[in-house]
Amino acid sequence: MSASPAYSEEKGGSSSLGEPEYGHDPASGGIFSSDYKRHDDLKEMLDSNKDSLKLEAMKRIVAMIARGKNASDLFPAVVKNVACKNIEVKKLVYVYLVRYAEEQQDLALLSISTFQRGLKDPNQLIRASALRVLSSIRVPIIVPIMMLAIKEAASDMSPYVRKTAAHAIPKLYSLDSDQKDQLIEVIEKLLADKTTLVAGSVVMAFEEVCPERIDLIHKNYRKLCNLLIDVEEWGQVVIINMLTRYARTQFLSPNQNESLLEENPEKAFYGSDEEDSKDDKPDAASLVKRKPYVMDPDHRLLLRNTKPLLQSRNAAVVMAVAQLYFHLAPKAEVGVIAKALVRLLRSHSEVQWVVLQNVATMSIKRRGMFEPYLKSFYIRSTDPTQIKILKLEVLTNLANETNISTILREFQTYIRSMDKDFVAATIQAIGRCATNIGKVRDTCLNGLVQLLSNRDELVVAESVVVIKKLLQMQPSQHSEIIKHMAKLTDNIQVPMARASILWLIGEYCEHVPKIAPDVLRKMSKSFTGEEDIVKLQVINLAAKLYLTNSKQSKLLTQYVLNLAKYDQNYDIRDRARFIRQLIVPTEKSGALNKYAKKLFLAQKPAPILESSFKDRDHFQLGSLSHLLNAKAVGYQELPDWPDEAPDPSVRNVEVPEWTKCTSREKRKEKVEKPFYSDSEGESGPTESADSDPESVSESESESSSSSSESGSDSGSRGEESGDQSEEEEEEKKKKKKGKEGPRKVCPESAGRYHRHWRGEGAGSATSWELRNTSRDMGGLQPISPCLFLIDSFTSPALERRDQLITSQPQHVPTAFLPPSAQMLSPVFSTMKTYELLHRMAGEGLSVEYYFNRQPFPPDPHMVAVQIQFSNNTESEVKNLRVSEPKLVSGMRIQEFQEIGKAGLGWNDGALKVSTHSRQFYVSIQPPVGELMAPVFMSENEFKKEQSKLTGMSEITEKLTLLDKCQSDHTIVQRVTAAANVSRVPCGADNEYRFAAKTVTSGSLILITLEQKEAARAHLTVNSEKMVIGTMLVQDISQALAQ
Amino acid sequence: MIHSLFLINCSGDIFLEKHWKSVVSQSVCDYFFEAQEKAADVENVPPVISTPHHYLISIYREKIFFVSVIQTEVPPLFVIEFLHRVADTFQDYFGECSETAIKDNVVIVYELLEEMLDNGFPLATESNILKELIKPPTILRSVVNSITGSSNMGETLPTGQLSNIPWRKAVVKYTNNEAYFDVIEEIDAIIDKSGSTVFAEIQGVIDSCIKLSGMPDLSLSFMNPRLLDDVSFHPCIRFKRWESERVLSFIPPDGNFRLISYRVSSQNLVAIPVYVKHIISFKENSSSGRFDVTIGPKQNMGKTVEGVIVTVHMPKAVLNMNLTSTQGSYTFDPVLKVLTWDIGKISPQKLPNLKGIVNLQSGAPKPEENPSLNIQFKIQQLAISGLKVNRLDMFGEKYKPFKGVKYITKAGKFQVRT
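Order-wise, the sequence lines are chains A and B. Mind the numbering: the first sequence is residues 1 to 1042 in the UniProt record's numbering, read in order. Mind the numbering: the second sequence is residues 1 to 418 in the UniProt record's numbering, read in order.
Here chain A stands alone, though its shape is the one from the complex (with noise of 0.2 Å):
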């Protein structure tokens, strides 16, 4: 049941209170006695053997918590449940534990047996978690512990449980800062891995704990733009930000030789941008000294990964992408970006909010960037003020010459809006168009003087303080203003509007001669009611007219200073005071008398009006830094581009010895090899005698294509199926074109044709062979095989193989086996094929694999799969080829064999198919009984073996064993494919062993079954390797349940 009734129960009683007590009836609510109740029956609850109930009770806990409620006295009784066989109380009890742990940590620690248990499970999802929690869990004593299972989780097989151990990383580094050595080392190897699940999670691990170490960076750099567009969409945010980073301290900048070129032409129109021009000049003169620029094909590589996540429906994603090509690309690529940030416009208004503040700052430097957009920028009356006024930001950074008449239009109708906020925000921004576009300044005057009569006195005050900042500019011209103004003096009251008029008369007192006097006449009259920014300008006014029209003026200038004497204000006094010495002479006064007038009516520099989104992009764009203007705790500082680029080969990967030498015993292959050395009718005959996987498994899939063809309304490929004839003189036009290639007549699918791949003039019929030097791994990865590339319509691939074995001398390490221990070759039994690209998903082109058992002479420690391509559809598939593997760490690429155009590698699991139209991402799951190699022993040895490996080495399993699976042959049958093993002699006739070595590392795997009465049965494997151990029981026991 969902957690309704943990609510639904108080919630009558409480919850319009806003404070519900949670799990106890709402009479008793709040006394303190039955706070203990509520807690026992809780208790009771969790103690019961009944999961229901404990899951109830859990439930009612979590509620609590997730009110604020605390439940930390219920720990000793919630900590038990930690093992339940129930998952959802074990998620519970999960979530319970990472809240409280930190406050009970002596209890907390009763809990991590459990989890420590948990990080050796066999199921990856049951060892993850184990990790999550054990992880979250802030408790400092068991550091060491949450280190070693992040070391181990880090090698672990799935990719998964690496990711989690990534999200680990940064949980024991901000509980333990001294592991930071060690958790970096771990970093370095997750940086390695090559599956897209981990590269977001790790590299949030690295932006965490070693931000500065951009060493680590540079083998993975190329990877990471690669893998990129397929990491989810969260990480492709962290990577994209870090890259940003890294690139601005490895490359040099694009746009050295662009700025003087590009700028100055705009400059020309826009006097007063100067600052840009200033940047501009040093440009200039080290642009002499500087090579011509020549992008750095790794920094064209990431601009081109990163493009087409502009296309990402998640905002954050498009913003990163934005700041990166702000901040990276030269000027000319910029403007990709600005259609997907005015997409974005569309979206909440969260996320408008900050689109807008960026946009501002790039419409600052790169205004031709958004102009296009203009409208898009257009305000709705709808829109929440904060929106309107970013918007109004942008606009006025987009003006220019052209535009400015349609953006002033707007601007009209945004004066007369109801939100006043927003007006006096437009007649700012008409005040920063008028500075800033002269042609327009002075219709914008009069618009503004028009303004001075509207009836909402903020409008006009913000209007008179804009139109004082104006006529700074240029005063003479405008002394009808000023008068216009000075008769406003006797409405307005808002007091900086006040200021700025008496500001203005003072100022301009000559241009008003027998205005000013009578203004101030006025002002001395009201001077006691004004507010103290007025008083300090009245007394301003005061002194200018003393000193310019002191005879009309004089005893108003002394009235004045003298009620400015005794005002309650210490500043106005000081002022008053400080004025009088200036300007009345004395006999006391000095010098400076004579240069009051100098004083005080010297030519003021006008005002510059300018965005406050100005020099803002020093902080990366989008970063919370940004948006606050101030920086964030652990931001890191945007670099300025070096002079001199770095070098660029610490980005190269090394190509390992060892594909090189095999790349080159290909080549000799392929001579040995020819493409066409199978002709159609000697490939035929002997696939269809061989009843061997392949052949089934093509004409399954062929025929499942042709039914899903006609099923399906495409069409397109509809003729494909049709008769035999027709599909022959299609062939001989093929072949009259010269563009032969390989086909293959099958003779158990009805005449059907086979098409596979049709290679032009190479690459159709081939085998490869691909090898891996296997590091020994240790620990949880046995893992490593070697991979059989051979072509499915060519001879049959294991008799190919069969030739090549026997060519080469076996010879296998005896190390950990008994001497007389003697590898077998393997028990043949069907092979199971397992799909790698779906013929669909694939588009036409399909790839199985299977494993062969055939052990691999070239390097005993890997195992042999063998993979088969086909091509279903009637074009040809060109440029086939298998690449970019990711790897494990701890896997080694099997480097390509070059087959016409085509290559494989090999990791763990993930492998990318790559046609000339698509690529495909793939991956191999080995089961594990493949892993392991089958091994001869006597009944004695195998007891002798199995006694040494006993305790923590064996895994028992009881199992029922069906009807159909009583007979010794089915047994030995199911559990040989499910496992590479071999069968050791038994004297008892109930009991069945077999034994096998894993490939890698040459332990033992010692396999015992017995049987019982009733159909059951015992399964028993001893191995040294407890992780192999207990998948290779599960999937036995799944074999013989079957």
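Source of the hints: derived by calculation from the structure; they are not laboratory data. Any given hint could be a false lead.
As the list claims (entries may be wrong) - Distance windows between CB atoms, simulated: (1) A:G634 to B:S325: 54 to 60 Å; (2) A:T402 to B:L269: 17 to 23 Å; (3) B:G214 to A:N940: 19 to 25 Å; (4) B:P52 to A:F578: 35 to 41 Å; (5) B:A39 to A:P642: 54 to 60 Å; (6) B:G214 to A:R304: 46 to 52 Å; (7) A:I141 to B:K38: 43 to 49 Å; (8) A:K525 to B:S288: 36 to 42 Å; (9) B:V335 to A:L109: 58 to 64 Å; (10) B:L336 to A:G438: 43 to 49 Å.
Just so you know, these numbers come straight off a predicted model, no measurement behind them. The C-beta atom is built at its ideal place from N, Cα and C for all residues, glycine as well.
Here the structure of chain A is known, so what remains is to put chain B in place on it, guided by the hints.
Coordinates of chain B only, in the frame set by chain A:
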């Protein structure tokens, strides 16, 4: 990254808190309340607030504030986008993202939040994956669970988590296989006083409802893909195919999702399907005004315009309105000063008209500005941009799905200045 999350309702109650790292006291929300008070209007609460020790990043959805606590630098959009994703997930699970729904399902909410973030970094946000981990509540399931004692938790790792198509569930089975696509276009426009278009743009989305068994691989092609100027994709779409062939090729998620959203290039002229005639005036010193609005369809459309609603935010000084409408009904909210006129279908023979007297507060000055009219409408069976789906092909599965495409044009942010 994200440290804690608080859910706050409109009356200022913190009704849910979740911490991914150490516990942050509820008192941090006081800074938020302060900002909220200052902003006066819920829309104007700044999404990012800086406090002495933390940063608060919040979103407002369905009358709930999602306030997250951040301690270190993080891209704000990252958090905002994530919070919206959380709200979307609640919507998806409980049918609505409301305070009651969250309270009723508090345990599932908690489990979801636990899965969505690990140590503050997003872990699983795809709804298909989450639904495999934690099954959404249904009446049937809760009955079954209470009887059998089974739980809502999935026991296995969703395979999607590991595959290259993390958005799709592993085993999907339907008896009726259906794929529906809704092409929804919204017209954003600003019409000025004289009726000429200041700004108009078409924003479209294709919402899909895919109920197909197995692993279908779909490709959707358009008659005129060049119309689409700027497109954003669901991650399932193969970008390369779009770049080269202008075909949407994808393995779809199961259920409802937004396939693409697009903007039609602004070069194309946008046909505005309705026109408005309006006289709104306030008399000087008489504390009353005139209000007369007529709305009509433009000739060339051929389709009926329906679901028409006109909303007007009247100036503060308006006390009351006495109007008569020839069609539909109107309401005036004297508190919020919002006039809503629900017209319904417009028939070209008889144009709907609403006119009457506006009563102003006595003594208040005449409002400066005439209010602008926000218009909503719907036109079925029409994509105003002319976009047409050409065909939908399915590969990878044998059955024949039922396919459907629906077009609809709506008003987006459609505003008439008066």
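Checked hints:
Checked against the hint of 54 to 60 Å, the C-beta distance between G634 (chain A) and S325 (chain B) comes to roughly 59 Å, which is consistent with it. Between T402 (chain A) and L269 (chain B) the beta carbon distance is about 22 Å. The supplied range of 17 to 23 Å therefore holds. The hint said 19 to 25 Å for the Cβ distance between G214 (chain B) and N940 (chain A), and at roughly 53 Å that hint is violated. In this structure the supplied range 35 to 41 Å holds for P52 (chain B) paired with F578 (chain A), their Cβ-Cβ distance being about 39 Å.
Separation of A39 (chain B) from P642 (chain A) is about 44 Å and departs from the stated range, judged on CB atoms against 54 to 60 Å. At about 35 Å, the beta-carbon gap between G214 (chain B) and R304 (chain A) misses the expected band of 46 to 52 Å. A C-beta distance of roughly 45 Å is found between I141 (chain A) and K38 (chain B), which places it inside the suggested range of 43 to 49 Å. In this structure, K525 (chain A) and S288 (chain B) meet the distance hint of 36 to 42 Å, their C-beta atoms being roughly 40 Å apart.
With their beta carbons about 59 Å apart, V335 (chain B) and L109 (chain A) fall inside the hinted range of 58 to 64 Å. At roughly 44 Å, the beta-carbon separation of L336 (chain B) and G438 (chain A) lies within the given 43 to 49 Å, and the hint holds.
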